[in-house]
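These are the residues of each chain, in order.
Protein chains: 2
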Amino acid sequence: MPQKLTIVIVGGVAGGASAATRARRMNESAEIILLEKDEHVSFANCGLPYYIGGEIAERQKLLVATADLLRTRFQIDVRANQECKKIDRAANQLSVRDHLKQEDYDLAYDKLILSPGAAPLAPPMENADAPGVFTLRNLADADKIREHAIKTSARKAVVVGAGFIGLEMAEQFHRLELDVALAELQTQVLPPLDPEMSYPLEQALRDRDIQLFLGDGIASVMTDERGNASGVKLQSGEAAIGDLVVLGLGVRPNVQLAKAAGLEIGATGGIAVNRFSQTSDPDIYAVGDAAEYTYGPTGQQMRVPLAGPANRAGRLAGEHAATDGSAEMPEVQGTAIVRVFEQAAGITGLSMKMARKLGYDPLSVTIAANHHAGYFPGAKQLALKLVFEKESGKILGAQCTGVAGVDKRIDVIATAMQLGATVRQLAGVDLCYAPPFGSAKDPVHMAAFSACNYLDGIDAFLESDADLEGRQVVDVRTEKEVSSKPLAGAEGTLPIPLDELRQRLGELDPAKPTVVSCGVGVRAHAAARILRQNGFSDVQNLSGGALVRQWAVAKRTAE
Amino acid sequence: MPQKLTIVIVGGVAGGASAATRARRMNESAEIILLEKDEHVSFANCGLPYYIGGEIAERQKLLVATADLLRTRFQIDVRANQECKKIDRAANQLSVRDHLKQEDYDLAYDKLILSPGAAPLAPPMENADAPGVFTLRNLADADKIREHAIKTSARKAVVVGAGFIGLEMAEQFHRLELDVALAELQTQVLPPLDPEMSYPLEQALRDRDIQLFLGDGIASVMTDERGNASGVKLQSGEAAIGDLVVLGLGVRPNVQLAKAAGLEIGATGGIAVNRFSQTSDPDIYAVGDAAEYTYGPTGQQMRVPLAGPANRAGRLAGEHAATDGSAEMPEVQGTAIVRVFEQAAGITGLSMKMARKLGYDPLSVTIAANHHAGYFPGAKQLALKLVFEKESGKILGAQCTGVAGVDKRIDVIATAMQLGATVRQLAGVDLCYAPPFGSAKDPVHMAAFSACNYLDGIDAFLESDADLEGRQVVDVRTEKEVSSKPLAGAEGTLPIPLDELRQRLGELDPAKPTVVSCGVGVRAHAAARILRQNGFSDVQNLSGGALVRQWAVAKRTAE
Ligand SMILES: Cc1cc2nc3c(=O)[nH]c(=O)nc-3n(C[C@H](O)[C@H](O)[C@H](O)COP(=O)(O)OP(=O)(O)OC[C@H]3O[C@@H](n4cnc5c(N)ncnc54)[C@H](O)[C@@H]3O)c2cc1C
Ligand SMILES: Cc1cc2nc3c(=O)[nH]c(=O)nc-3n(C[C@H](O)[C@H](O)[C@H](O)COP(=O)(O)OP(=O)(O)OC[C@H]3O[C@@H](n4cnc5c(N)ncnc54)[C@H](O)[C@@H]3O)c2cc1C
Ligand SMILES: CC(C)(COP(=O)(O)OP(=O)(O)OC[C@H]1O[C@@H](n2cnc3c(N)ncnc32)[C@H](O)[C@@H]1OP(=O)(O)O)[C@@H](O)C(=O)NCCC(=O)NCCS
Ligand SMILES: CC(C)(COP(=O)(O)OP(=O)(O)OC[C@H]1O[C@@H](n2cnc3c(N)ncnc32)[C@H](O)[C@@H]1OP(=O)(O)O)[C@@H](O)C(=O)NCCC(=O)NCCS
Numbered sequence: 000m001p002q003k004l005t006i007v008i009v010g011g012v013a014g015g016a017s018a019a020t021r022a023r024r025m026n027e028s029a030e031i032i033l034l035e036k037d038e039h040v041s042f043a044n045c046g047l048p049y050y051i052g053g054e055i056a057e058r059q060k061l062l063v064a065t066a067d068l069l070r071t072r073f074q075i076d077v078r079a080n081q082e083c084k085k086i087d088r089a090a091n092q093l094s095v096r097d098h099l100k101q102e103d104y105d106l107a108y109d110k111l112i113l114s115p116g117a118a119p120l121a122p123p124m125e126n127a128d129a130p131g132v133f134t135l136r137n138l139a140d141a142d143k144i145r146e147h148a149i150k151t152s153a154r155k156a157v158v159v160g161a162g163f164i165g166l167e168m169a170e171q172f173h174r175l176e177l178d179v180a181l182a183e184l185q186t187q188v189l190p191p192l193d194p195e196m197s198y199p200l201e202q203a204l205r206d207r208d209i210q211l212f213l214g215d216g217i218a219s220v221m222t223d224e225r226g227n228a229s230g231v232k233l234q235s236g237e238a239a240i241g242d243l244v245v246l247g248l249g250v251r252p253n254v255q256l257a258k259a260a261g262l263e264i265g266a267t268g269g270i271a272v273n274r275f276s277q278t279s280d281p282d283i284y285a286v287g288d289a290a291e292y293t294y295g296p297t298g299q300q301m302r303v304p305l306a307g308p309a310n311r312a313g314r315l316a317g318e319h320a321a322t323d324g325s326a327e328m329p330e331v332q333g334t335a336i337v338r339v340f341e342q343a344a345g346i347t348g349l350s351m352k353m354a355r356k357l358g359y360d361p362l363s364v365t366i367a368a369n370h371h372a373g374y375f376p377g378a379k380q381l382a383l384k385l386v387f388e389k390e391s392g393k394i395l396g397a398q399c400t401g402v403a404g405v406d407k408r409i410d411v412i413a414t415a416m417q418l419g420a421t422v423r424q425l426a427g428v429d430l431c432y433a434p435p436f437g438s439a440k441d442p443v444h445m446a447a448f449s450a451c452n453y454l455d456g457i458d459a460f461l462e463s464d465a466d467l468e469g470r471q472v473v474d475v476r477t478e479k480e481v482s483s484k485p486l487a488g489a490e491g492t493l494p495i496p497l498d499e500l501r502q503r504l505g506e507l508d509p510a511k512p513t514v515v516s517c518g519v520g521v522r523a524h525a526a527a528r529i530l531r532q533n534g535f536s537d538v539q540n541l542s543g544g545a546l547v548r549q550w551a552v553a554k555r556t557a558e
Numbered sequence: 000m001p002q003k004l005t006i007v008i009v010g011g012v013a014g015g016a017s018a019a020t021r022a023r024r025m026n027e028s029a030e031i032i033l034l035e036k037d038e039h040v041s042f043a044n045c046g047l048p049y050y051i052g053g054e055i056a057e058r059q060k061l062l063v064a065t066a067d068l069l070r071t072r073f074q075i076d077v078r079a080n081q082e083c084k085k086i087d088r089a090a091n092q093l094s095v096r097d098h099l100k101q102e103d104y105d106l107a108y109d110k111l112i113l114s115p116g117a118a119p120l121a122p123p124m125e126n127a128d129a130p131g132v133f134t135l136r137n138l139a140d141a142d143k144i145r146e147h148a149i150k151t152s153a154r155k156a157v158v159v160g161a162g163f164i165g166l167e168m169a170e171q172f173h174r175l176e177l178d179v180a181l182a183e184l185q186t187q188v189l190p191p192l193d194p195e196m197s198y199p200l201e202q203a204l205r206d207r208d209i210q211l212f213l214g215d216g217i218a219s220v221m222t223d224e225r226g227n228a229s230g231v232k233l234q235s236g237e238a239a240i241g242d243l244v245v246l247g248l249g250v251r252p253n254v255q256l257a258k259a260a261g262l263e264i265g266a267t268g269g270i271a272v273n274r275f276s277q278t279s280d281p282d283i284y285a286v287g288d289a290a291e292y293t294y295g296p297t298g299q300q301m302r303v304p305l306a307g308p309a310n311r312a313g314r315l316a317g318e319h320a321a322t323d324g325s326a327e328m329p330e331v332q333g334t335a336i337v338r339v340f341e342q343a344a345g346i347t348g349l350s351m352k353m354a355r356k357l358g359y360d361p362l363s364v365t366i367a368a369n370h371h372a373g374y375f376p377g378a379k380q381l382a383l384k385l386v387f388e389k390e391s392g393k394i395l396g397a398q399c400t401g402v403a404g405v406d407k408r409i410d411v412i413a414t415a416m417q418l419g420a421t422v423r424q425l426a427g428v429d430l431c432y433a434p435p436f437g438s439a440k441d442p443v444h445m446a447a448f449s450a451c452n453y454l455d456g457i458d459a460f461l462e463s464d465a466d467l468e469g470r471q472v473v474d475v476r477t478e479k480e481v482s483s484k485p486l487a488g489a490e491g492t493l494p495i496p497l498d499e500l501r502q503r504l505g506e507l508d509p510a511k512p513t514v515v516s517c518g519v520g521v522r523a524h525a526a527a528r529i530l531r532q533n534g535f536s537d538v539q540n541l542s543g544g545a546l547v548r549q550w551a552v553a554k555r556t557a558e
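Just so you know, the sequences run in chain order A and B. Sequential numbering from 0 applies to the first sequence in numbering that gives the first Met the number 0. Sequential numbering from 0 applies to the second sequence in numbering that gives the first Met the number 0.
Bound conformation, chain A alone:
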């Protein structure tokens, strides 16, 4: 009988616990040891903000699989409060610190899976560890923040960083009836989005009187006479006052162990792995926030610190470690979503600014449409931005904001991207439609149609934040619409309602670079087609119309 296979897993949550259970299902006889330096394994990190805010009322709910369950059901040797301190690859052995017993021991492995996650960024600064300053990664952090927010007399919270977690915390502190200030170094909330697409979230925050400091990073923590945090000093010199400070500045991958063991680290700072999540040492796997994945839009290795990929990669690594084989870890699109009060914002793949940064020659269209049939009660407008490659039409990414149906559109497009689709293929997807659920032409179709029109030279889309100076800007909305909501950031706009355009062509100069705009872009599209067929040689449709223009201009002037 061959020697029992010993699989040791470092990190007992998203990637680690997923690896452990799949490894067990694939291999009843292996010894599977799960090391977790903290108290809890398999908890719902993603639920922590909602637990703090009380939207998730029972702490118990956050314990997705208890250590007991993993032990009984999956025969996993769960070792909480035990930290892997060193990997000795030559000896196939780890050095482990038992934090309860306060002692170290060696642990042999045949296969090692690293899923140590990431640590919240906490830049060195004055008073960084004053009482009342928190980061959020695990249940202990959540307990502390919750306690501070509820049990002390905290009245105002300062959240630093308006990424996914920062936004969730701002929302949840508001739920706790704290005043909230939110500071972000970038000039927008949710920096992965293009600026204009983040604006609806910004509005949702401002609607709740959440004080926003955008384009302003944290310089230091301020303290009161007792040394407790009393707010943060920002780089601009401004102060955000509060008796509770949460830093949501992003994460740093936990690669120290791997580095010390001489494992290869990738260009983006995560542990380098192949498609089976094997590191440069094939007996050692790495998954989750500490590792890199193949990023779909670029085909490059990249860190994607999200729970979905961690779960899926952990599952496959567990299988591979347990059986010496598995499917490859598919490409990851970086699909993510956040709720900020009534608003949701989702993204998959590349934003326009990121696509440009990476040297693509990207095009984009933004459409706004109802999340289900407009004639059915409860229809809500969403905005959908599609980013695609000019040459091939390949979808590079999408962003969506709205109060309903955002997740569906992002998931449909993420699925199309996973399969390498072009916008032309996206235009043909056959989505379900009944009035309560969608439209005969879904927003996804509208975006794809527009993208195809762009590629085919049928329409051209001007980005919503473009400088309109020197162009002939035709606003084809009705007079009433124009006067009640003039096109933002545009002077000398020519208002000609679409239905009068054919008769009033003489008022326009066909030789001039012309931009048409309307409410969201639909009428402008019809107008652009009329102009193009009447000798106007340079016609562009202002992407997303007056609606998205307003967001873009608001963001432009904020910079």
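Just so you know, these hints were derived from the structure itself, not from any lab. Any given hint could be a false lead.
Since the list gives no way to pick one copy over another, a pair counts as held whenever it fits inside one copy or between any two copies.
What the hints assert, rightly or not - PhoX-like, lysine-lysine: derived pairs with alpha carbons at most 25 Å apart:
no.	residue 1	residue 2
1	Lys484	Lys100
2	Lys84	Lys258
3	Lys36	Lys100
4	Lys479	Lys60
5	Lys84	Lys60
6	Lys440	Lys60
7	Lys379	Lys60
Following the hints, put chain B with the ligands in place on chain A, whose structure we already have.
Just chain B with the ligands, lined up with the frame of chain A:
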């Protein structure tokens, strides 16, 4: 200057109006004539049931684009109440009946687009046209039904046919506080679904005391002494009593015109077309309910009487007619959805029964999972059935039922199918996840994982309606679960809670064909893996566990 291109379109709603607007956008100079035999063009057919029930309160809302708008904005010569009576292909000319003026005239065309839709099936039978008997296709029908339901003393409605429209009508009559009886020839509601997947809808109907007659077709209409409908007599001899009868028996494509003109009719009875929607006469296009599409799962031509395909095909046909070129009409997956009270049911592609009927060797898995993270408040369970090809793993179809998130899962899978994906590719889709929106492993992933496990021989799934006779059935739920909800249609089940299974293997016979079951299939999967690795040679997981088993058995015994 070349002669003006004249495009005539027959049928002014989903396919026809879409063709007209796109044709105009692509060609400013064409003459575009839209013939509609009835009063209204461009109305929301799909909204009619909700208008009848009052959920859509304003009739006006159903008029998506008015004739005036089409005239002014799109310079379309809208001719309502004018019916195309004949196509003279040799002369490129139509014979048109003006129903208002009560006269006929000839109309020349260069390109002709047929989108005449379909007509409700109304089998010849006794009293078929008694007052109080209705079919529903257009606004006039809706007005009549609404008037009858509201203004007469109607207290009970009989709906015949439990397809999409029949179900919507049953729901909406209930909303009007009518008693409702629903009769269906098939032994299930929503016949496109596999029987067990239709059961949650059936429950939703029964919960409202809607009287169901399943497996019973209509024989005749019954009338009262004044000759008004008083219900329907069913083939079984039973009577469904009501003072309002709506027939929702499906549709018959309007192909008479095309047939008379000698255009080719396809094998499924729709007008045969190529990928540009051109009929056997390349100057004549056909789209919508009257035509056929290439059906994705089979690659065969098929009628798919749904609004999405009609809109998209109309758009492309309009472009092709106007410019002599367009993208091809992509394959259609037959993706559809219906709401029945709180329940939704969606389908894309082939059901298991249909796949079998078509000669495939299909496999299926059914999973049940929460529509978003279970630890986040408001999570609702949905059931998702994935049908796929044994050899290739190609996705053939999916069905989903639940009270939330059904449309999203169907759309994701429909998108994957559009791109020819296998279940292996589906397992890798990178969907958005935050607690209010999904799970780190989405139900789509769970279904795809299970399908891959099936293909890889890691687990095998027994269909939920299988005969368990002669098998060793192990129920791995807790004692409490088993006693409170015994596994339906199973005798002599061996209850061994999963967490005791390893210790109690001796109670089982490894040589016997073994079926494991639990609540929804997750624990049974773990159990199956234990058994398989302990010498059990034939182990199957009861797909969807006790939950779906209960639906399947309820349907089986109903037959
Ligand atoms: C507040 C919050 C909200 C989030 N919300 C979302 C969301 O909505 N959607 C989403 O997709 N993602 C979200 N995430 C991110 C998601 O939780 C992570 O991407 C995911 O948990 C990463 O999995 P992992 O296994 O790499 O790391 P983790 O789940 O963090 O697990 C790593 C574990 O390893 C342990 N560990 C580290 N070093 C050692 C060692 N040397 N020895 C033993 N144990 C060690 C750590 O203590 C930790 O418990 C959120 C994260 C946080 C913190
Ligand atoms: C009550 C109801 C609910 C529905 N719900 C949904 C749903 O939720 N989701 C979904 O996808 N689909 C739904 N449908 C189906 C959808 O409406 C059709 O698939 C779609 O309208 C088909 O488009 P079409 O252009 O082929 O036909 P239609 O939209 O019916 O248009 C055809 C038009 O042609 C006219 N016409 C016919 N012959 C002539 C002629 N000789 N001369 C002039 N005019 C003529 C007809 O009067 C008709 O107005 C529903 C249909 C109905 C009736
Ligand atoms: C829960 C956790 C321990 C993983 O446990 P798990 O048993 O692998 O996962 P699940 O309970 O979700 O079950 C999934 C398994 O059931 C299978 N399954 C799901 N539904 C099924 C059904 N109806 N029938 C049969 N099998 C089914 C899946 O295929 C999968 O098995 P496989 O991996 O062998 O293919 C791990 O994901 C975890 O710790 N999660 C919490 C931490 C976390 O993810 N944090 C970040 C997000 S908040
Ligand atoms: C409404 C109807 C007349 C079609 O009109 P339409 O002008 O083609 O359609 P829409 O108003 O939806 O506009 C779609 C057009 O706007 C474009 N568009 C949408 N959003 C846009 C945006 N933000 N910016 C630019 N263009 C946009 C689309 O690309 C499309 O143009 P294209 O076809 O030239 O590519 C026709 O679909 C109809 O009659 N519908 C009702 C009947 C029906 O469908 N019944 C069944 C379902 S209830």
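Tell me the numbers of any earlier hints that the structure contravenes, in ascending order. Numbers 1 and 5, in rising order.
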